[in-house]
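Trainee: This is what each chain is made of:
Protein chains: 2
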Amino acid sequence: MTDFAATKAMFDLPEGMIYLDGNSLGPLPKAAPARVQKTLNDEWGEMLITGWNKAGWMDLPTRLGDRIGKLIGAPQGSVVLGDTLSIKVYQALASALALRPDRRIILSDTGNFPSDLYMAEGLARTLGPDYVLKTVAPEDVAAALDDEIAVLMLTEVDYRTGRLHDMAALTQHAHSVGALTVWDLAHSAGALPVDVTTCKADFAVGCTYKYLNSGPGGPAFIYVAPEHSDTATPALSGWLGHDAPFDFDLTYHPAPGISRMRVGTPAIVQMAALDAALDVWDHADIADVRARSIQLCDMFIERVEATCPQLQLASPRDGTQRGSQVSFRFEHGYPCMQALIARGVIGDFRAPDLMRFGFTPLYIGEDEVIGAARILADILESGAWDRPEFHARSAVT
Amino acid sequence: MTDFAATKAMFDLPEGMIYLDGNSLGPLPKAAPARVQKTLNDEWGEMLITGWNKAGWMDLPTRLGDRIGKLIGAPQGSVVLGDTLSIKVYQALASALALRPDRRIILSDTGNFPSDLYMAEGLARTLGPDYVLKTVAPEDVAAALDDEIAVLMLTEVDYRTGRLHDMAALTQHAHSVGALTVWDLAHSAGALPVDVTTCKADFAVGCTYKYLNSGPGGPAFIYVAPEHSDTATPALSGWLGHDAPFDFDLTYHPAPGISRMRVGTPAIVQMAALDAALDVWDHADIADVRARSIQLCDMFIERVEATCPQLQLASPRDGTQRGSQVSFRFEHGYPCMQALIARGVIGDFRAPDLMRFGFTPLYIGEDEVIGAARILADILESGAWDRPEFHARSAVT
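The listed protein sequences correspond, in order, to chains A and B.
So in my numbering, spot 376 of the first sequence is number 376, and the numbers just go up one at a time.
To convert a position in the second sequence, counted from 1, into my numbering, add 397.
Only chain A is shown next, with the shape it has when bound in the complex (with noise of 0.2 Å):
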C-alpha cells in the first residue's frame, strides 16, 4: 500500500498553496535540485566532453524510458526520451503512415490536443495533397474507422473534460480494419495505469512534465511496439538514431528498435531532473495512486455540487471513465479561476468555459479537496471573482 503521506514528503509545495495544476506542470520533486547540480558541477564541470560516456549521459535516453515504460506497461528497450510531445507526435504519426503506405487518412476527434491536431495538420500537409488529417467527435471515432484510416491518433484522456478513451477496445477496432495506433499518454502516464502491450498500441508518446514531475520544458518519450521497432522509417531521421553515429557515414541507417527514435543530442539537464522525479514511483504504486485519485475526485465533485449551484459539473461523474482531474463549466470561470489563483488555490482555465482542477495523490490529499471546494464556494457566494483585476488576461491560462 502506497504510503502517500511519504510520497507527499518528497515534494517541496509552496506553503499555503493548494496546488490542483499538476496536471499542466508537476510540482519540484525534492530530489531534483541535488541531482540537477550534480550534472552541472561534477560532470558537466568536471568531466566535460567525456561526460557522455563517464556520465552515462549517451544512454540516459533510453535508461529513463525504461523506467517509464514500468508506469505504462512497456517492455524493456521499448520507450525512449527526448524532444518535446509536439516532435514524438510528429515522428510516430509519420511511422505510422509510413507502414500503411496505401491509405491516406489520420483519424483524430475534437476532444484531442489541438496541439497534436497541428502537428498531424503539418504533417499531412508535408506529405502531400492526398494527405488528410478527419476529425470526429470523441463519441464517433470508432464509427468513423474504416478500412481508409491509416492511422488513428487519440489522446486517451481528455485535457478538457478528463474524458477517457477505451484505449484497448478502440486500439483492437483499429486493427480490425487495417489501421495503426499512435495514443498520446500525456494525461495518463503517472495518473493511471496504462498497458500499451495488454492494448496493443504500435505508438504512443506522452510528456513527463506533468504526472511525472520532470519541471518546465522535460522531454518526452515514444514508445514503439516491438513487431514495429525495426521496421518504422524515421521522418526525423536524427544523428542519434543511426545505426552507427560515430561512423560519420553521409547515409543514414536507422538503428536497430527503439534507438531509431532518438533524433538530436538530448538535453542532459532536464533528464537530470526527470530522474530524480522517477524515484518517486519507487515508493508509489500507480494502482493505488488511481483508487485515491478516484477518491478525491469524488469527494470534490460531491462538495462543488452541494455548495456550488453555478457550475456545472463537465467531467464523467463515473470515476472509472474519468483521468485524474475535474472540470466544472461556469459563464464566468476565467475571472473565477484567477480569483482562486489569487487565494492560493491553483488550478487552470480552458476556452470557453471550463474550469479544470487536477487531483494528484502523490502529494494532494483530502485536507486539499476540502480547503479547495471551501474557497471555491466562498468567492462564488461573496461575488469576489468579479473584479476587474480577475478578467485581465495573461500569456498562459
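A portion of the hints provided could be inaccurate.
Among the chain A residues that face chain B by a calculated CB cut under 8 Å, a handful are [what the hints assert, rightly or not]:
(1) Ser24
(2) Gly51
(3) Trp57
(4) Thr84
(5) Leu85
(6) Gly215
(7) Leu250
Hints listed in this document are in silico derivations from the structure and should not be mistaken for laboratory results.
Remember, it's a predicted structure, so these values are computed and weren't measured experimentally.
Virtual Cβ for every residue (Gly too), placed ideally from N, Cα, C.
The hints should help you fit chain B onto chain A, whose structure is shown.
Mentor: Relative to chain A, chain B alone:
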C-alpha cells in the same frame, strides 16, 4: 579590447586539464549552477504553473534568440530558441522548400555534418519520391548551383577540418539561380563573426552547447530572414508557433514572424543555463575572439609541425579560411587522442584519421597551446599512444 583573463575566470575548468574540445561541448560557466538553481527552486518550486507568466518562461525562447541574434548579425525578433539542431535543420529546410514549390533538389556537400544530411534525407523521403538530396564535394558547390536547386544547405565551418565556406558569396550565387539558403552555424556562432543580414542568408540554424557554452543538450536556435518569416510554412506546426496558443483552436494558424518556428514546450532548465552562459558575451567582443583564435591556432600548428612530423595538417593553413579549430591527420589518430586525453589534453577524434583541437579564446590561452603541443610531441616520441587501452573504442569519440 576583450580581457581574456577575465572571461577565463568566468568558467569553471577542471584543475590540470587542457580543454581543447569546446567545439563539441563548452565548459561550465560559473554563473550557470546558481541560475539553474534559481529556476528550479525560486521559479518552478515556488511559482509552479504560474512561472510561465511570472518568471517569463514563455518569452525565454525569443529573449534568448535576441541575445544570440547579436552574435550572428540578426535583427531583434528574428531568432528563436528551441528543440535540437537536427529539428531546426528539418524545420528550416522544410520551410525553404515550401517557398520554392516548383523545385525539388536540396544541394549540400560532403563537408556538412552527417546529422544535417540525415535530416535532409528524412525530409526528402517524407516529401515524396520527387525530392532529392544532392551532395557534392565542398569545392564543387558553386559549380553545382543551377536553376533546379531549391535550397542550398551548408555548414559554414567543416566540423572535421575547420575549412570555412564563403557564406556571402555562396548565398549570392544561390540567389542568382533562384535558390534559397539554409546555413548551419554550429561551429560559427560564438567562434567567429557572422552576419546573416549582410550575407543575406535566408535561414540559419545552430546549437548552443559548443561555442555558446549552454551545457549538454542545450537548445538550438533558428534564424529566419525577416522577408520570409511571415510566409514560411512550418512543417512542424507546433502549438507554441500558433497565432493564439491559448485559444485552443482545432486548426493551425501560424503566428506572425519568428514565433511560428516555435514548436512544443521549451526546455526552461536548459535555457536558464544558456542565459547564464550568454552573460560571458557582455564582456567579450567577437572580433577580438576571432583574432585571438587565429593567433592560438597558428601557434599550435607551428609547434606541432616542428615537433610531430608524423602528423599532417588537415585544416587550412590560412587562418582566415579556418574556423576556431585545428585538425591533423594521423593514421593512429584514435589511440593517440586517447593517450592525450589520459594525459589531460582533451581534443577529439573524427573518423577515419582526424585529431581535432578546438581553440576557444574565452578560456584557452598560450599556456594551453604550449602545453598541449608539448604533451602531444611527448606521446608521439615515446610511442605511448600504442597501448592496448588506447585502442579500445568507446560510445562517444
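Trainee: Each of the hints needs a verdict: does it hold here or not?
Mentor: Now for the hints, and whether the structure bears them out:
Taken as an interface hint, Ser24 (chain A) checks out: its beta carbon lies about 5 Å from the nearest beta carbon of chain B, inside 8 Å. Annotation: Gly51 (chain A) was flagged as interfacial toward chain B, and the flag holds, the nearest CB pair being 6 Å apart, inside 8 Å. With its C-beta approaching chain B no nearer than about 6 Å, Trp57 (chain A) sits inside the 8 Å limit, and its interface hint holds. About 3 Å separates the beta-carbon of Thr84 (chain A) from the nearest beta-carbon of chain B, less than 8 Å, and the hint is met.
Here the hint on Leu85 (chain A) is kept, as its CB sits about 6 Å from the closest CB of chain B, short of 8 Å. Taking 8 Å as the C-beta contact cut-off toward chain B, the hint placing Gly215 (chain A) at the interface holds, the least distance being around 5 Å. Evaluation of the Leu250 (chain A) hint against chain B yields a held restraint, the C-beta minimum of about 6 Å falling below 8 Å.
Against the hints set out earlier in the document, no violation occurs for any number.
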